[in-house]
Amino acid sequence: MPAIKTEHLSYVYSPGTPFEKTAVDDVNVEIESGEFVGVIGHTGSGKSTLIQHFNGLLEPTAGKVYIDGEDLWADKSRLRDFRFKVGLVFQYPEYQLFEDTVYKDISFGPRNMGMSEEEIHKSVMDAAAFVGLKEKHMEKSPFELSGGQKRRVAIAGVIAMNPKVLILDEPTAGLDPKGRDRILGQIREYHQQVGNTVLLVSHSMEDIARYSKKVLVMNQSRLFMYADVAEVFEHADQIAAMGLSVPQITRIFHRLSAEGYPVRRNIYDMQRAKDEILRLLSERGKA
Amino acid sequence: MLRDITIGQYFPGKSVIHRLDSRVKIILVVAYIVMLFLATNPSGLAVGILFLVLTYGISGIPYKMILKSLKPVVPIILFTGVLNMFFMDGEIIFQWGFIKIAKEGVLLAITMTIRIICLIAGTSLLTYTTSPIALTDAIERLLSPLKRLKVPVHELAMMMTIALRFIPTLIEETDKIMAAQKARGADLESGNLMQRAKALIPILIPLFVSAFRRADELALAMECRCYHGGEGRTRMKQLHLRYYDFVASGFVLACILAVVAINLLVPPLF
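Heads up: the sequence lines are chains A and B, in that order.
If you read the first sequence in the UniProt record's numbering, its first letter stands for residue 1, the second for the next number, and so on.
If you read the second sequence in the UniProt record's numbering, its first letter stands for residue 1, the second for the next number, and so on.
Quick caveat, the hints were computed from the structure, so don't treat them as lab data.
As the structure is a prediction and not an experimental result, all values here were calculated from the model.
There is no bait here: all hints are sound.
Cβ pair distances, simulated, as ranges:
{"id": "1", "chain 1": "B", "residue 1": "Leu204", "chain 2": "A", "residue 2": "Glu117", "range": "21 to 31 Å"}
{"id": "2", "chain 1": "B", "residue 1": "Leu220", "chain 2": "A", "residue 2": "Ser116", "range": "45 to 55 Å"}
{"id": "3", "chain 1": "B", "residue 1": "Pro12", "chain 2": "A", "residue 2": "Lys140", "range": "44 to 54 Å"}
{"id": "4", "chain 1": "A", "residue 1": "Ala230", "chain 2": "B", "residue 2": "Leu220", "range": "40 to 50 Å"}
{"id": "5", "chain 1": "B", "residue 1": "Val74", "chain 2": "A", "residue 2": "Phe19", "range": "20 to 30 Å"}
{"id": "6", "chain 1": "A", "residue 1": "Leu278", "chain 2": "B", "residue 2": "Asp175", "range": "47 to 57 Å"}
{"id": "7", "chain 1": "B", "residue 1": "Phe86", "chain 2": "A", "residue 2": "Asp71", "range": "52 to 62 Å"}
{"id": "8", "chain 1": "A", "residue 1": "Gly16", "chain 2": "B", "residue 2": "Asn192", "range": "32 to 42 Å"}
{"id": "9", "chain 1": "A", "residue 1": "Asp100", "chain 2": "B", "residue 2": "Pro168", "range": "26 to 36 Å"}
{"id": "10", "chain 1": "A", "residue 1": "Val29", "chain 2": "B", "residue 2": "Val247", "range": "55 to 65 Å"}
{"id": "11", "chain 1": "B", "residue 1": "Val74", "chain 2": "A", "residue 2": "Lys136", "range": "58 to 68 Å"}
{"id": "12", "chain 1": "B", "residue 1": "Leu204", "chain 2": "A", "residue 2": "Asp176", "range": "28 to 38 Å"}
{"id": "13", "chain 1": "A", "residue 1": "Glu117", "chain 2": "B", "residue 2": "Asn192", "range": "16 to 26 Å"}
If you want the ones that stay clear, here's a sample from chain B, every Cβ over 12 Å from chain A, calculated:
{"id": "14", "residue": "Thr40"}
{"id": "15", "residue": "Ile101"}
{"id": "16", "residue": "Thr113"}
{"id": "17", "residue": "Arg148"}
{"id": "18", "residue": "Glu231"}
{"id": "19", "residue": "Ala248"}
All residues carry an ideal CB built from backbone N, CA and C; glycine is no exception.
Chain B with its partners taken away, still in its complex shape (with noise of 0.2 Å):
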């Protein structure tokens, strides 16, 4: 049961978004958020739909899955879009003593509702075709600069590499765990909030310990292999850019182009 949360929701390929220079794919895609919201009219949204559409359809990611990664912000979705719906004034198309609707506040509920799922939609896509461990990498490499302002990047990136490599492992052993109680009788699934809280009990502490406990075998082990922080440190795998990540950041640009092009040539929704 525990085995099916999947944490990171990396989607093993061999696509070209899969090969994709994690650090260009993180750019990429914050140019693309960028792009929905410089769209201010219908079109522009459409080609963010587009987008969309044909960057999943390259990546093999199967299109159930974007409803998928939606599901959690189902309620900020509906919240925003109802909100926007209200706080328009305009046209009245609909009014119920205080409480009125206008034709400006259905438009810009659905051009929001709309950018939000597509927000969601393209930054899952990044997380749906880069390993967590290609994420960190990038992470800390397009954070370097801040090295100079003394912001303990490598050490961040470190941390997260870490904390990502021991969810797995934390997983197992709380389902070992978890299985060993209850071959003596612990009952974690009935009873109320106070004794379910106090079934948990046998369940943490053992947890707690064996992490220390790796927590300590980890960092002795690192030491015994001279780490000593990111000065000075080479990598294993070396990010390199090469020419599919020049086509993809010039087809973004090209789409950003589009949407720019269509604010000026069709006049914005309100």
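So here's chain A without its partners, still in its complex pose (with noise of 0.2 Å):
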């Protein structure tokens, strides 16, 4: 059964006004359960809409959206039940920080879930251990905390609710190389220690293709696809045609399949790259 499935899912801001706009378009999708997603589109292409689905913040205009099968919007006394199945990090999240010590702040999710006193106890040591941060950190004010530290704690907040499927809007906005790579890698580790749903948007192509399986196009509003990393890259002229950045390998690849080189074009990491030129050599050796 899929984690996450829409169908027709279309939304439709300020209708009715000068100032509508489609921001989502009939969007069909399923993303399976454990999978770790990259959600990818030029800004303004709806992939902020399209997540905030996911959890109800956003009611549909139209069509529908499955969570585990069940009807988001069928029932809407259950809509906080969903909100702690489905996790949503927004943009800059240390934004949202409000309380004076940063184990209360992490705690905030936990205790509206209702969770006892014991249970919050280790929701939040586990999420804080997820994201590098420490025992000296838990009683200091999150004001107090660098940038990149702010940003841990406020993920920590979404994964001590222990979500199905969680989702992080852009999760290394304004952060150095050292904070991003950081921040990437302990969510990897999550993923793979918890084995729960994992949507990570962003702009970074190079970034989505080094840590999800799978990748979410969108473009204008619309889903432009939903594939494999090696198949998003085969389209990736496509891709850079949309104003997204496509990782300098893959444009290589890409060119010398277009010098009537016999490559694939499907290269986005190292690895594959030595392979495929290796491959290549060898095969102009035979000839």
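Given two chains presented individually in distinct reference frames, assemble the corresponding complex, making use of the accompanying hints.
See below:
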């Protein structure tokens, strides 16, 4: 059973006014449980609007959203359960911190779920461990921490709810390369250990290629494609035309293919590039 | 949901009324209000109503917007109307115990109600057709004589401009924070008054923190660009009087004269 499924999902902002805008247009997608999915699209392509449907923050203008096979909007009183099931980390999540200690802030979600004190303590400490927060940070005020630490506190605040699906909207925006690799590495580790579904929204094809198995590409409010990373990179030209940056390696191989070399076009990392060039050279040697 | 709140009710358009100099518009609205209070009989008020019909027509603002602008002041209109009805002596047309209503009272109530409605609709036309920034600009220019009395006119106008500039930003920010806390299971819709007030803490604290941060950043950015108050400051958008500003002023003047003439020719109602 897919963890998330949408049927003809559409969403229109400010319908009936001069500012009317279709942000999501007839999206049909099925995301299997346990998948690590990269969500990519240009600014304004509708990806942020799309993910806000997955935990019921936005109600579809048309179409349906199913979480674990259940219609999200069938019973509005159960919406909160779905919000705990699908954890959503917004862009710049550090701006949502409000408690006087890190511990209390991370425990906000679990407390809303009505967990017992012991359960709360356990999920808070587990979540803090996942994002590399130490014991000494827990009693500090979140406002004393550095930018990267604040962000990790905010991410821990969602992980602590033990969601079955974790969605992160550009969790690395505004971080330096070191902080970016650290957070993405921790998310990958979390995915591998817990085995739940993770959706990672990003601008960077390179990050997505490195961390996710499947990619969901949004373009101009529509679903452009949902497929394996390699398959998506076959269409690197179209993706570049959407204004997204394609990894340099992929660009080189597309160029080679255009020049008439018989290379595969779905190359997106060093290892594959090396194998492909060696294959090509050895075939030439034989000929 | 928060997005739907319109603050400043500017209704973009290209009509002559939109293009009028905002200073002139403010003065003309004041003149229009004076005219409404000069009018002491139904024909005079009719001029006021016709004026509205005409100007809304020219501006392209839908007439139903008048109703929208009246909605918040309905209690005030009813209150003044009813009060005026009871406290006027004259030909009694209704009596019940100590409550008596005179014919003059009813007439006064009707004229007062029409006056207030016209007043609100007229001032709303100003805010419908003038962007908030143009309004603060005009207020600064109109109040500039007060600078001699050491009133910080420029600073007041700058504060208004900045406040207006940041309203949409703060609304957007509030929306985002609300969504983020809802995603963490914050319950904003149910519970009693105390619980609801408490549920606002996770929204208000981040909002204040970010408002202060923004204020700091803005102050720094303004200082970096050598902002030092209004002295010697020139403006990118100069306000110029054009021929239609004079036409509009002439028209309002004519309306006022018409009302005065009607007052002289037709005996007042009471």
